[in-house]
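Please take these sequences and the hints and turn them into a complete structure.
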Amino acid sequence: MKQITDIMEEKALPIIDKIYYDGFIQGLIHADLSEEAVVHYLKADALYLANFSDIYALLLAKSDNKDEKNFFLSQINFVLNEEIAAHKNLADYIGRDYNEIIKGGEWYPSADHYIKHMYYNAYAFGMAETLSAMAPCPWIYAKIAEKILAENKLADDHPLKFWVEFYAGDLAKDCLHWYYRIINRLAEHMSIADRKRLIKNFLESCEHERKFFNMAYTQECWELKE
Numbered sequence: 181m182k183q184i185t186d187i188m189e190e191k192a193l194p195i196i197d198k199i200y201y202d203g204f205i206q207g208l209i210h211a212d213l214s215e216e217a218v219v220h221y222l223k224a225d226a227l228y229l230a231n232f233s234d235i236y237a238l239l240l241a242k243s244d245n246k247d248e249k250n251f252f253l254s255q256i257n258f259v260l261n262e263e264i265a266a267h268k269n270l271a272d273y274i275g276r277d278y279n280e281i282i283k284g285g286e287w288y289p290s291a292d293h294y295i296k297h298m299y300y301n302a303y304a305f306g307m308a309e310t311l312s313a314m315a316p317c318p319w320i321y322a323k324i325a326e327k328i329l330a331e332n333k334l335a336d337d338h339p340l341k342f343w344v345e346f347y348a349g350d351l352a353k354d355c356l357h358w359y360y361r362i363i364n365r366l367a368e369h370m371s372i373a374d375r376k377r378l379i380k381n382f383l384e385s386c387e388h389e390r391k392f393f394n395m396a397y398t399q400e401c402w403e404l405k406e
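Just so you know, we're using our numbering here: the sequence shown kicks off at 181 and counts up by one.
Worth double-checking, as some hints may not be accurate.
Pair by pair, the computed Cβ-Cβ distance ranges are [to be verified]:
id, residue 1, residue 2, range
1, S371, Y303, 16 to 22 angstroms
2, D374, D337, 28 to 34 angstroms
3, Y299, D337, 22 to 28 angstroms
4, R276, H369, 29 to 35 angstroms
5, N257, M181, 24 to 30 angstroms
6, A241, K353, 32 to 38 angstroms
7, K405, G203, 40 to 46 angstroms
8, Q183, G203, 43 to 49 angstroms
9, D244, G284, 36 to 42 angstroms
10, E403, R361, 38 to 44 angstroms
Worth flagging that the hints you see were computed from the coordinates, not collected in a lab. Ideal Cβ placement from N, Cα and C applies to all residues, glycine included.
Shown next as structure tokens:
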């Protein structure tokens, strides 16, 4: 019998090609991504990751398992202190100081909708629902990075090769191992309706991921101002 996380991935797989062929990733592959797109992405993603770490803290409080708590603690450290390396690679690519870029961080519409989707599940439901909404973040980044490496021969001096290799490494896989272990364990005791919610959360977040990249590529902003 398939585990629920297998079903999630199977249903979401078609979006990988769509994200891969969208403008942001193609620009990254060909090293012609605009400065405006990179700045927009970094301003949004710095805020997104800070809140992602806060959601890990909520999960830490929900768990009564020491190993799971240690995992969430390690992920807070990774998101706040290690993933910044991939961000700095993008900043270096456009010749800008990373810390100066993110000073103007802003919740653009697609990023705002995405993080609220996660917070809603964290406050309204339990760990499985929250993690099913969070899982597409590491899953999609890993799948996209692996696809880039499989289908393109990036030169050693490619300015964004570090970004690709960072997300194609074992970090995302190790993270998903824990996510899926928790989700599958909790899903065993759920009703059919609750299990469907997990799948729905995962699929919705996959669409949010695509919109996040496109948000940066098109420099999406709120139309109405204060």
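For each hint, the structure was consulted:
1. For S371 and Y303, the hinted distance range of 16 to 22 angstroms is satisfied, since their beta carbons lie about 20 angstroms from each other.
2. Between D374 and D337 the Cβ separation comes to about 50 angstroms, which falls outside the hinted range of 28 to 34 angstroms.
3. Between Y299 and D337 the beta carbon distance is about 41 angstroms. The supplied range of 22 to 28 angstroms is therefore violated.
4. At roughly 49 angstroms, the beta carbons of R276 and H369 sit outside the given window of 29 to 35 angstroms.
5. Taken as a hint, the range 24 to 30 angstroms is violated for the pair N257 and M181, whose Cβ atoms sit roughly 36 angstroms apart.
6. Under the hint 32 to 38 angstroms, the C-beta atoms of A241 and K353, about 26 angstroms apart, miss the expected range.
7. The given range of 40 to 46 angstroms is broken by K405 and G203, whose C-beta atoms sit roughly 26 angstroms from each other.
8. The beta-carbon spacing between Q183 and G203, approximately 34 angstroms, falls outside the hinted interval of 43 to 49 angstroms.
9. At about 40 angstroms, the CB distance of D244 to G284 agrees with the hint of 36 to 42 angstroms.
10. A beta carbon spacing of about 42 angstroms between E403 and R361 agrees with the range 38 to 44 angstroms that was offered as a hint.
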